[in-house]
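Residue numbers (my numbering), protein chains in the order written: chain Y, 1 to 384; chain D, 1 to 748; chain F, 1 to 206.
These aren't lab readings, by the way, just hints derived from the structure by calculation. Note that CB positions come from ideal geometry on N, CA and C, so glycine has one too. Just so you know, not all the hints are guaranteed correct.
What the hints assert, rightly or not - If you want the ones that stay clear, here's a sample from chain Y, every Cβ over 12 Å from chain F, calculated: (1) V11; (2) N86; (3) F91; (4) I123; (5) V124; (6) E207; (7) T221; (8) H244; (9) T251; (10) S296; (11) I369.
Claimed, not checked - Once the Cα atoms are required to be at most 16 Å apart in a straight line, the calculated EDC-like pairs of lysine to aspartate or glutamate come out as: (12) D:K295 x F:E7; (13) D:K180 x D:D386; (14) D:K55 x D:E32; (15) F:K126 x F:E7; (16) Y:K276 x Y:E301; (17) Y:K308 x F:E65; (18) F:K73 x Y:D208; (19) Y:K341 x F:E182; (20) F:K32 x D:E28; (21) F:K126 x D:D67; (22) D:K319 x D:D386; (23) F:K73 x Y:E207; (24) F:K126 x D:E63; (25) F:K32 x D:E32; (26) F:K74 x Y:E207; (27) D:K556 x D:D571; (28) D:K306 x F:E7; (29) Y:K341 x F:D185; (30) D:K159 x D:D379; (31) F:K32 x D:E63; (32) D:K452 x D:E416; (33) D:K306 x F:D198; (34) D:K159 x D:E425; (35) Y:K109 x D:E32; (36) Y:K106 x D:E32; (37) Y:K259 x F:D198; (38) D:K159 x D:D401.
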Amino acid sequence: MVKRHPVRKAVLWGCMTTISLAIMIAVGSRDLAHFDAALVAYTFATLFATFGITYRYTMWLQRPPTAMYWKRGWQMFFKPQRLLTNIRNLFTRTSSDFAANRFIWKRGKLRWLAHWFIMWGCIVAVAITFPLVFGWLHFASVPGSLDSYRAYLFGFALFDFPVDSIFAFLMFHGLVWSSFAVIFGVMLAMWRRMRDHGAASVQQFVEDILPLILLFAISVTGVMLTASYTWMRGYAFDFIAILHAITVIFTLLYMPFGKFFHIFQRPAQLGATFYKDAGATSEQAHCRRCGEAYSSRMHVEDLISVQKQLGFRYEVAGEVEHYQWICPPCRRAMFVLAQTKQWQGNFGDQMFSSMHEQPAAPRFGNPVISEGPLGHEDQANLHF
Amino acid sequence: MAQLPRSELEMIAAYGPHVAHAQGQRLEAGVEPDRLVKTHCCFCGQQCGIQLKVKDNTVIGFEPWYDFPFNQGMLCPKGVKRYLQGAHPDRLLTALERDPASSGGFRPIGYDAAIQRVAAEIGRIQAQYGNSAFGILSGASLTTEKTYLMGKFARMCLKTPYIDYNGRLCMVSAGAANKKSFGIDRAANAWDDMLHTDVVWISGANVAECAPITTSYVWRARENGAKIIVVDPRITPIARTCDLYLPIKPGRDIALFNGILHLMIKHDWLDHEFINNHTVGFEAVAEHVADWTPKRTAEVTGIAEKGIQQAAEWWGTAKTSFMTHARGIEHHTHGVQNVLGAISLVLASGRIGRPNCGYATITGQANGQGGREHGQKCDQLPGWRDLANPEHRQHIANIWDMPVEEMPQPGVDAYEIFRKIETGEIKGLLSLCFNPKVSLPDSDYVSAMLDKLEFYTSIDFFLNDSARHADIVLPGSLQEEDEGTVTQAEGRVIKINQAIECPGEARQDWRIIQDIAQALGRSKGFTFDGPRAIFEELRRASKGGVADYSGISYEKIEAQNGVFWPCPSDDHPGTPRLFEPHSWNPVAKGAGPFYFSDGKARFNVAPYTPPAEDVDAEYPLMLTTGRVISHFLSGTQTRRIGPLVDQYPEPRIELHPQLAMRLNIQDGDWVTAQTRRGEITLRAQVVRTIRPDTIFVPYHWAGQKSINRLTIAAQDPISKIPEYKVCAVRLVKATQAPAYASQLEPQQ
Amino acid sequence: MPEAQYEFFIDPSRCIGCQSCVQACSECDTHKGQAMIHLEFVNRHYSTQTAPVVCMHCDSPTCAEVCPADAIKKTPDGVVQTARKPRCIACNNCVLACPFGVPKMNSGAELMMKCDMCYDRTSIGKAPMCASVCPSGALYYGTREQIEAQRPRSMPVNQFQFGQQTISTKVHMMVPRTAQPEHIDVLSAMHDHTSGHDIFLMMHDE
Ligand code: HEM
Ligand code: SF4
Ligand code: SF4
Ligand code: SF4
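Work out the full structure: start from the sequences and follow the hints.
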């Protein structure tokens, strides 16, 4: 039923999150009492982005492979006998993969440096601006004290701090620091993209370059704002403010479509790891050609059902049942041997065949380069 | 000298072989090279065109050179990864002096001091024992300019008869047989003549692994309808799908050729007109092969009669054909006879000297062809001239401006040089581009002889396994650090271009030789300012000879993408196909296409003799040796290139499951092979692609893993090639892993 | 555009197992140091036959369809790209689903990597690394006219049958002209070990 109306479902979810956010803004800012009217454009862009991202996320979750993974990811996570390990893993993985980006480090040091700065720059910036924009966070001077400020969250007083403290300095210039981090990261990323022949051949402007330009523009205009009121007595402040607003709003509108969507999509990585953890300890699938184990039975069966939903017809008559029950190395061997068969009789060679003896899986000619840094997982799953 | 200055393990720790992998700029995807240098591969005789990416005086990678006609961008894995030999941690950057007190057995010394010491030792030995007490070993991977200079250095500077080269281990049997049959030693055709033939016959050539690019010619011929016949004791990759595979017993090739000729005569599959007009000696050969009935041939060769019949029919009835062979039939005590047998099949068919009719040996080393033409062979002078021929001597003496009576007489082959060390006739030795300790047979003997020398100096860019015995090691140049010409397998003269400068105190080899000459006070004739000047003299020296290079220039090579010799004048385009009807040559002078005064080719009776060491009850199996694709010769270079080592890390003993079952050996087990000369313990590779009475071991490794410690030093009486391809061996399952397994890395 | 006419043809029957392709693949700028091509001994015990497998660049790629993260994209010229780096969640679906067994999993980097037909080269008109160096012609990059002229016994097909599923691909495989098959039935090789000569058949028994 739901499957027949994926768009309706996505719109529904989109509306729900957007409305929820709107309500939270209203409530959190004490009926807009702390809401800065100048920021209304930002707010509407954010609401739009929220709708867009939720819409796309919902659409995405309804694709058969994603739905399968979504379902299985949670199932595997909440499996009672695994839950404790899973929670522990959740913490380690969140810190190593999300906070530290360890896996990007493995892809390349430069990539990692660039990404880590961009990511943390943005996270800090978002953590500061959004509560301010929505009026969830605001500062006021402490009544009766000229040199202290008081921070309010959702209208509740949080704490006081001296105006000239280091904390205050860091706090009020947080956006500057995050901008510097983003600018640094973006420049590294740009540099890599301009030099790396491999990246150059596959990158596209809208997909790969535009996001970098946007982050750069936001950060630079932001820093310029600070510079304008700190050192230039507000020179061109209004103009820069409009520029800044434009870049931010454009980025917010772009969020659901382009590369930034990965920020919301990436957590699925965790689901995948829980699924694989569970698979590794459960029953294995054995290749129906060579007999070797090559993956978890659950994964193969799930893939078979996903492929059916997608309209693939990999069913095979006879004992193989479904092509998915053949391990990847044997697929490669059969692919080549099927051609060899076509040529039988043309040259002097003959087939070595047997209905009784199971054919062996092929073996890499150069195990080091072919596996190389690729895959202990390939090794385990695919018996290389 | 008594022995190695330090233990083998200590020397390996200091000088390798260690493996290099791509790192730094070589691994980065964003590095823009300073330039691309068009040159050729530094390894095998096919000399594929390649472009080297150069950045900051380092070769950082390669780019295919699609326009070079022979390989059109194709390369084998060695060519792809050859760039890793440069900027290598094992590279010798200074001269070394033997010093047992140093941890690696050597201490660095200044280049000039090293040259002085070498010159002083040469001077001392020659003064004390005579000129011929100093010998030279040279190599066929050098540019032709260097090989020319080495010959001149021996004859003119050292005035020693004792120079020979490692081509002696390569294609000398083919060379000798070609001289006997055609009067000239060169592949008779460019490979293009293979493409539209009816039959391609490949005897004893592991084309896929030793001449990989030739594969594309063979397969293209097959697409055009050719039948491929492969004769080999192993089902090599090219044999896997060939049309007819004949699993010959090692060392029985001449029997097969005689048997085929027998059937050709019986069925009258002969070109009588060609035989009558262009050859002599057919009757004697016909008479000789009369006994070689299919039955007898089958018994001797171990090939089923039906295979012999089939091959004879295809070969006999073909309209066009290409006969090719390599070390498989040449590395024998009757290697010359084997090749003569192959040539008889070609001559009887009359299929030579015409389009799509070809014959060639597939030369193994980079300059296997050019290196055997210009005077580093013990009996030879530039231009394939004869050191024993007074006219030839005079011609070269004039070019060199030396009194002809001072020119030494012919010396002895490379292996005989070691026997002369044993008898004390030779006391000092200089080697360049030769690693005899790994590449000569019965190599424990060779290394004992190196230790017996009073003085040994080796020129190399890495400390090769023989150089470990040296008193002085001089740091030579990599191929990409020098320029010069090379003549590849087809007879095409091509140009190696310099990509980078020598690092540290390393010098181009020709400079080192000239510096020694100067330090000896005999610099006359050794003041060339570069390879181009050497080439100019070589052109003049070769003029009028069989291998006439006089019309070849560096510019012409570049303009034509190579020039086939003979090329006797500036306006001559070169000669891709030899023996064309009505072609002119300096020997026949118009009498006929072949290089004899009557212009006719010679049939030679080639009697069958069994290998020098046949199997018996004690040593019941045959051992044969050869190459694998990812390594080259003694492995001095390829065993230092990580990805090539990964591809084939260590030698294995290939044996048939039937044999394995008898000896209770499983794939991967340690097994010991023993011959009368030594034993070796390696892992077994049990495969059905080898005769059950034969085992195969590749020869690229040194020390405990060197199969040449087992091979026999028996040589062909004419060509002096050693019999690497067959000797008697026995096999036993090893009780435990050899000690080296835990001490050495695979390549060491 | 002249380069649009260049196509990739494979003929594993020619392969001699030299691994130039593997070595050259690891020189490719999009994945330097690692080889994406698969080169395997089919069954070395019986024969030297080797199987070179590159990405076939399916018209509707199974790998992309089963990807939960939408990480695998096809270029307008039909090249199925390696996983988009920010998206791939390393779930292994593509590795297990590709009918030709092509994608590889780079575990530490949490990233699927696969042959992208040397997009850094082919997108600017240069031949892929493997097909440039392959000395046997098992991997060939050229025009249809070239391949037809050079290989009179062969013809290209690009339809592969897996049970009931037909997959058509951008890369072609060479089959005999005499057979004129419409597709290659991959499962037909289910019980074959490998191919080659059998040494005994040609040996003279003493
Ligand atoms: C506010 C948060 C984030 C921002 C602004 C952000 C931004 C970016 C940008 C701009 C790129 C493209 C870099 C380039 O052009 O090379 C990128 C790539 C990427 N991001 Fe993020 N990101 C964020 C959070 C995350 C998180 C939490 C993860 C996952 C744990 C993640 C995973 C990735 C990955 C895997 C790539 C591809 C890196 C590569 O291999 O080149 N991102 N991100
Ligand atoms: S061959 Fe495999 S990896 Fe390549 S496009 Fe098809 S399904 Fe994807
Ligand atoms: S491994 Fe990556 S590319 Fe492959 S299916 Fe999973 S998410 Fe997609
Ligand atoms: S380069 Fe060609 S012949 Fe060599 S292994 Fe690869 S596909 Fe086979």
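Against the structure, the hints:
1. No Cβ of chain F approaches the Cβ of V11 of chain Y within 12 Å, the least distance being about 20 Å, so the stated non-interface status holds.
2. With a least beta-carbon separation of about 17 Å from chain F, N86 of chain Y lies farther than 12 Å from that chain, consistent with its non-interface assignment.
3. Every CB of chain F lies more than 12 Å from the CB of F91 of chain Y, the least distance being 18 Å, so the non-interface label holds.
4. Every CB of chain F is more than 12 Å from the CB of I123 of chain Y (nearest about 16 Å), matching its label as outside the interface.
5. Here V124 of chain Y stays apart from chain F, with its beta-carbon at least about 20 Å from theirs, past the 12 Å limit.
6. Under the 12 Å C-beta cut-off, the non-interface status given to E207 of chain Y relative to chain F is violated; the minimum distance is some 8 Å.
7. With a least beta-carbon separation of about 25 Å from chain F, T221 of chain Y lies farther than 12 Å from that chain, consistent with its non-interface assignment.
8. Residue placement check: H244 of chain Y keeps its beta carbon more than 12 Å from all beta carbons of chain F (closest about 25 Å).
9. With a least CB separation of 16 Å from chain F, T251 of chain Y remains clear of the 12 Å interface cut-off, as annotated.
10. At roughly 10 Å from the closest C-beta of chain F, the C-beta of S296 of chain Y falls inside 12 Å, breaking its exclusion from the interface.
11. In this structure I369 of chain Y is not separated from chain F by more than 12 Å, as the shortest Cβ-Cβ distance comes to only about 5 Å.
12. With a CA separation close to 51 Å, the supplied pair K295 of chain D and E7 of chain F exceeds the 16 Å bound.
13. About 14 Å separates the Cα atoms of K180 of chain D and D386 of chain D, which keeps this hinted pair within 16 Å; it holds.
14. At roughly 8 Å between alpha-carbon atoms, K55 of chain D and E32 of chain D fall within 16 Å of each other, so this suggested pair holds.
15. Restraint check for K126 of chain F and E7 of chain F: satisfied, since their Cα atoms lie roughly 11 Å apart, inside the 16 Å limit.
16. Restraint check: the Cα-Cα separation between K276 of chain Y and E301 of chain Y comes to about 14 Å, which is no more than 16 Å; the hinted pair holds.
17. For the hint linking K308 of chain Y to E65 of chain F, the alpha-carbon distance of about 11 Å falls within 16 Å, and the restraint holds.
18. Note on K73 of chain F and D208 of chain Y: the hinted pairing holds, with a Cα-Cα distance of about 14 Å set against a maximum of 16 Å.
19. As the CA atoms of K341 of chain Y and E182 of chain F are separated by approximately 14 Å, the hinted pair is consistent with the 16 Å bound.
20. As the CA atoms of K32 of chain F and E28 of chain D are separated by approximately 7 Å, the hinted pair is consistent with the 16 Å bound.
21. Restraint check: the Cα-Cα separation between K126 of chain F and D67 of chain D comes to about 13 Å, which is no more than 16 Å; the hinted pair holds.
22. Simply put, K319 of chain D and D386 of chain D have alpha-carbon atoms about 37 Å apart, too far for the 16 Å limit, and the pair is violated.
23. Of the supplied pair hints, the one linking K73 of chain F and E207 of chain Y holds, its CA atoms being roughly 12 Å apart against a limit of 16 Å.
24. A distance of roughly 11 Å separates the Cα atoms of K126 of chain F and E63 of chain D; the hinted pair therefore holds under the 16 Å criterion.
25. This hinted pair checks out: K32 of chain F and E32 of chain D have alpha carbons roughly 15 Å apart, not beyond 16 Å.
26. A distance of roughly 14 Å separates the Cα atoms of K74 of chain F and E207 of chain Y; the hinted pair therefore holds under the 16 Å criterion.
27. The hinted pair formed by K556 of chain D and D571 of chain D meets the criterion: a straight-line CA distance of about 10 Å does not exceed 16 Å.
28. Among the hinted pairs, K306 of chain D with E7 of chain F is inconsistent with the structure: their alpha-carbon atoms are about 43 Å apart, more than 16 Å.
29. For a cut-off of 16 Å, the pair hint linking K341 of chain Y to D185 of chain F stands: about 10 Å separates their Cα positions.
30. Using a Cα cut-off of 16 Å, the hinted pair K159 of chain D and D379 of chain D holds, with the two alpha carbons roughly 14 Å apart.
31. Of the supplied pair hints, the one linking K32 of chain F and E63 of chain D holds, its CA atoms being roughly 14 Å apart against a limit of 16 Å.
32. For the given pair, K452 of chain D sits about 15 Å from E416 of chain D by alpha-carbon distance, which is consistent with the 16 Å threshold.
33. Proposed proximity of K306 of chain D and D198 of chain F is supported: the alpha carbons are some 15 Å apart, at most 16 Å.
34. For the hint linking K159 of chain D to E425 of chain D, the alpha-carbon distance of about 15 Å falls within 16 Å, and the restraint holds.
35. Our distance criterion of 16 Å between C-alpha atoms is broken by K109 of chain Y and E32 of chain D, whose separation comes to about 20 Å.
36. The straight-line distance between the Cα atoms of K106 of chain Y and E32 of chain D is roughly 24 Å, outside the 16 Å bound, and the hint therefore fails.
37. Distance check on the hinted pair: K259 of chain Y and D198 of chain F sit about 57 Å apart at the alpha-carbon level, beyond 16 Å; violated.
38. Between K159 of chain D and D401 of chain D, the direct Cα distance comes to roughly 14 Å. Compliance with the 16 Å bound is thereby established for this hinted pair.
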